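Asker: Chain by chain, the residues run as shown.
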Amino acid sequence: MSKFSMNGREISFEAGRTILQVATEHSVEIPTLCHLQDADHAQVCRICVVEVAGSDRLLPACATPANEGMEIHTDTLRVREARKTVLEMLVASGQHTCFAWNRPRETWSEAHRRSAQRPWHDRNCPADGECRLQELIVEYGVDTEHLVPQDMDFPLDDDTPLMVRDFSRCILCGRCVAACNVVQVNEAIPQPFGRREDKPLPRGWFPLADYERCVHCGECVQACPVGALFEKKAFGLIGPGEGDRIRTTCPYCGVGCQMWLHVKDGRVLKVTGVEGAVPNEGRLCVKGRFGYDFIHAPDRLTVPLVRENGVLREAGWEEALELVAERFLRLREAHGGDCLGGLSSARVTNEENYLMQKLVRAGFGTNNIDHCARL
Amino acid sequence: MTNQTFSTWGSWVPGRGQVPPDTLPVEFSPGRPLKAFMGWDGLFVHDESANLVAMVSAYMEQARKESCGQCFPCRLGTEKICGILEKIGAGGGDPEDLHRMEALARTMMNMARCDIGQTTPRPLLDILAHRREALLEVMEKGEPIPRGNYVMKVTAPCTNACPSHLNIPDYVEKIRFGRWDDALVTIRRDCCLPGVIGRVCTRPCEFNCRRQRVDVGIAIRALKRYAADRELETHAEPPLQAGPAKDRKVAIVGAGPAGLACAYHLGLAGYRSTLFEALDEPGGMAAVGIPHYRLPRFILRGEASHAEKLGAEIRYGVRVGVDITVDDLIREGYAAVFVGVGATESAKMRCEGEDAGYQCFMTGIEFLRRVSRNERPMEGKKLLVIGGGNVAMDCVRSALRMGFEDVNLIYRRTQAEMPADPQEIREAQQEGVKFHYLVAPVKIIASEGKVTGLECEKMELGAPDASGRRQPVPVKGSNFVIPCDAIVPAIGQTCVVDCVLPSEEVDISRWKTLVVDEITGQTRQPWIFAGGDCVTGPATLIGALAAGKNAARFIAQYLETGACAPSDGDWLEKLIAKLGIFYFKEKMPFQDTTMKLHRSVLPPEERIKNFEEVEAGVKPAQAVKEAARCLRCFRIALAAV
Ligand SMILES: Cc1cc2nc3c(=O)[nH]c(=O)nc-3n(C[C@H](O)[C@H](O)[C@H](O)COP(=O)(O)OP(=O)(O)OC[C@H]3O[C@@H](n4cnc5c(N)ncnc54)[C@H](O)[C@@H]3O)c2cc1C
Ligand code: SF4
Ligand code: SF4
Ligand code: SF4
Ligand code: SF4
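These protein sequences, in sequence, are chains A and B. Following numbering that gives the first Met the number 0, the numbering of the first sequence begins with 0 at its first residue and continues without gaps. Following numbering that gives the first Met the number 0, the numbering of the second sequence begins with 0 at its first residue and continues without gaps.
Since the hints were derived computationally from the structure, they do not count as laboratory data. Among these hints, one or two may not hold up.
[What the hints assert, rightly or not] Result set (DSBU-like, lysine-lysine): computed pairs, CA atoms no more than 35 angstroms apart in a straight line:
hint, chain 1, residue 1, chain 2, residue 2
1, A, Lys198, B, Lys308
2, A, Lys2, B, Lys595
3, A, Lys198, B, Lys595
4, A, Lys286, B, Lys618
5, B, Lys381, A, Lys198
6, B, Lys586, A, Lys2
Quick caveat: nothing in here was measured; it's all calculated off a predicted structure.
Chain A on its own, in the form it takes in the complex (with noise of 0.2 angstroms):
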């Protein structure tokens, strides 16, 4: 173990970690925009910058490793005013409308006029409440009265009926190119980074995808900090803080991914992964996280139906229930159980999936159970 002091107490540690991991592990609070440590991917935003003592310089906790004997501080004046340096020109290089959304449109420049004008932001930011820029700017205090959005013709990607990526809201901090080539190893973000001169805007350094490559599983959506990157289908729909999140298993395959669902009103309205859980640590596939829609279908089977001469009619539980009970028996008597068998779905819930085969290996005394996500 070593050990060195950080805000004057002392904090013994492992060696091979870096400042920020200590601290988080002591529960000192350093803040990061661009951190992602599944996919090693440190070192853009500098917000989590600290004094060191013996260097001039303020060092990234998310890349200095911790040394014996080093005297850290994480909050001091001077590491304050870096960060709020940083965020101040941070927060007025793109359309960071949030602030101004709720004050009387008359208070509203120009800019924040036209801003309103772009497709989807009609509505306040999606991101309003659970943003991390938006969390920071009002911790250090930055001036957000006289905040004005940048004018510029941000490049917008709503082609796809997923997701939305708008630019006029990115940071820059690479968060989704990481998560889209380290974690989920897709390679359909290419690193957008290179010498300014070689990248001319309006296209710039944003982070574009490849929909060659893409395969919509919206990693990078989870991993936005801000509200550049959002889900369409639950735009406006659920706000931060709105509802319940109810986790669950995702049913559809073997895996057995944790996720939340965000639900309002009795609605499933938005489902992402659980961080930090096994096995997925916040990772989905494109059916985990977008299909949800056959949860609210308008054509889903709500009754039972018969079917009578060749035609299906509506019938009660009881009278269906009675009716499929006695054929199954008869077929059992006649043949045995193994002339029975089940398939179950991925769009039941867990719990039925589980009753099904239940009935199928008790019930009917068969083992002849299956399921879709077998496949």
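Chain A is fixed; fit chain B with the ligands onto it per the hints.
Answerer: Here is chain B with the ligands on its own, set in the frame of chain A:
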């Protein structure tokens, strides 16, 4: 110079210390004064008529262009600072802007990720601290300020150390981004044999890599090889595009690295060339000197063919000076000639019997030439090789692979003074070569015209000479004989250019090398250019490639304008080299320390059985990891002339 020098040069890099102003260069190029200079370590002004505000604006604009977007303070800071400077330059701005600019510059310097962001605010901060009145004056006048004549260059310690100035941090970063193909495009701009150089370069860049101040330097050579290997593995066609065809043709004497590079870069510029090569193989010493276990033949042949793809023709088996003369070439209609004939003669040892023509005595160059054709050069079991350079290492290691059982190396100093690459020495030792230090040859012993032994004398290290190296001096009466079957002297090469170019036409130095303009490669005859070992004496592949590349540029200029002269960029490069860019004493506290790249080599007992390549290439994940260690030590220099 009318005014005294004002300088902050040397005050920024930690652990370095201010450079005495009277030692700073005052000339930009011969006869042209340097008014002022701005860079990564401050600024200096010789001539107060240089407008510092205009200079620093131009400097920060360059920083803004170079900013890569990978960190917030620099991406946003350069933009903001340029905005303020632009306002001031156009006759606006107020004192409050100076405070803002100072805060922004400090934020950049203290927080940015790489040296673009960390070093470019320094001149601005110097001006704010020592020449604030210059800024205030401009604001007071309220008139736009005119720009002077500025020359700018972006470089890095590694880039600067490389004779061909490859943009190393750029291609290393492209490898980090998984773009080996883009990396190769960058590499090929300055080096037409990436797979060759990626294997056998003497790697001056690595010895000047700033990462050494943290832990170990970046494995730059291995990364270059990685990019070249990936292209081969994926069967990708190298993107070679000859320039719009020009009608004048160039003759090139020698298809060694210098000649190939000249042909390649002429091809890119649209000029077709014909190479006249005495041997039946391209590559010069890389083909008939460097053994295959270090450089497989197919790599060299493949990359040499790229010059042909760009329109060059190689005529093998033609010895210029014998089969055809340079004058004939001009008569045949070639508009210019590039001479790259190398240093192909062996130097003399001044040892009794070396000219007697004994059997089983052969120069290192001849020995390796035969090895390169898979011939066993000489019979016998016990071999003595004399010398301590890389050629000697190639001889002893090749000898083991050719079946000599007892291979000995004799060197007159100690291992510490050996010029050979330490890695080569280590690998030779592992393979079982016996090293004898402080021993010098005196006389070759022969019987019936065949070598039987070597009389030697012991040496000791005496007082250091002017260069600081301790000179070996013989120990009186210490003579002894080493019995052996064969002897190979490998103590250096000399040039033979007079048979190609008569000395009445060009200047030849007393080392028998061609005398050319240091930058343009032009000889006394304006249409004859030269480069590579025949100009420098035995040197390096990358030096020869650089010479060929530069000569191609100046030949094109000569053909288009009838004359050629170095550009301001060339002079600035020289100026930067003079100022120095890698500081062995720089202090870099608390950088992330990382693992060194693992080299995968065949075990010694396996590798001496044949000429299989000893070292394996690195895997993609390793390459990306290694590339991520680069600190991006870009430096921007601006000279006002
Ligand atoms: C054994 C050995 C090992 C080396 N190892 C390394 C190494 O690991 N790394 C490194 O960087 N450098 C190494 N070098 C040095 C490097 O090979 C040379 O610096 C480089 O090849 C010089 O290139 P060049 O084109 O100037 O000359 P050369 O390579 O000598 O090429 C000259 C060419 O011109 C031809 N030629 C000569 N005269 C005539 C004529 N009259 N007419 C027509 N053609 C002619 C020759 O046949 C030859 O092909 C090594 C050298 C030797 C000898
Ligand atoms: S991205 Fe964040 S800071 Fe920007 S508008 Fe949206 S909520 Fe506000
Ligand atoms: S889109 Fe989001 S995650 Fe991607 S770089 Fe922009 S802000 Fe970061
Ligand atoms: S050039 Fe260097 S300092 Fe500037 S944005 Fe890129 S990483 Fe940051
Ligand atoms: S760390 Fe990178 S940029 Fe710096 S000297 Fe080494 S290779 Fe060059």
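Asker: All the hints need checking, so say for each whether the structure fits it.
Answerer: Results for each hint:
1. A hinted pair counts as satisfied when its Cα atoms are at most 35 angstroms apart, and A/Lys198 with B/Lys308 qualifies at roughly 31 angstroms.
2. Among the hinted pairs, A/Lys2 with B/Lys595 is consistent with the structure: their alpha-carbon atoms are about 26 angstroms apart, no more than 35 angstroms.
3. Proposed proximity of A/Lys198 and B/Lys595 is supported: the alpha carbons are some 33 angstroms apart, at most 35 angstroms.
4. This hinted pair checks out: A/Lys286 and B/Lys618 have alpha carbons roughly 34 angstroms apart, not beyond 35 angstroms.
5. The hinted pair formed by B/Lys381 and A/Lys198 fails the criterion: a straight-line CA distance of about 63 angstroms is larger than 35 angstroms.
6. Distance check on the hinted pair: B/Lys586 and A/Lys2 sit about 23 angstroms apart at the alpha-carbon level, within 35 angstroms; holds.
In the structure shown, a violation is registered for the earlier hint numbered 5 alone.
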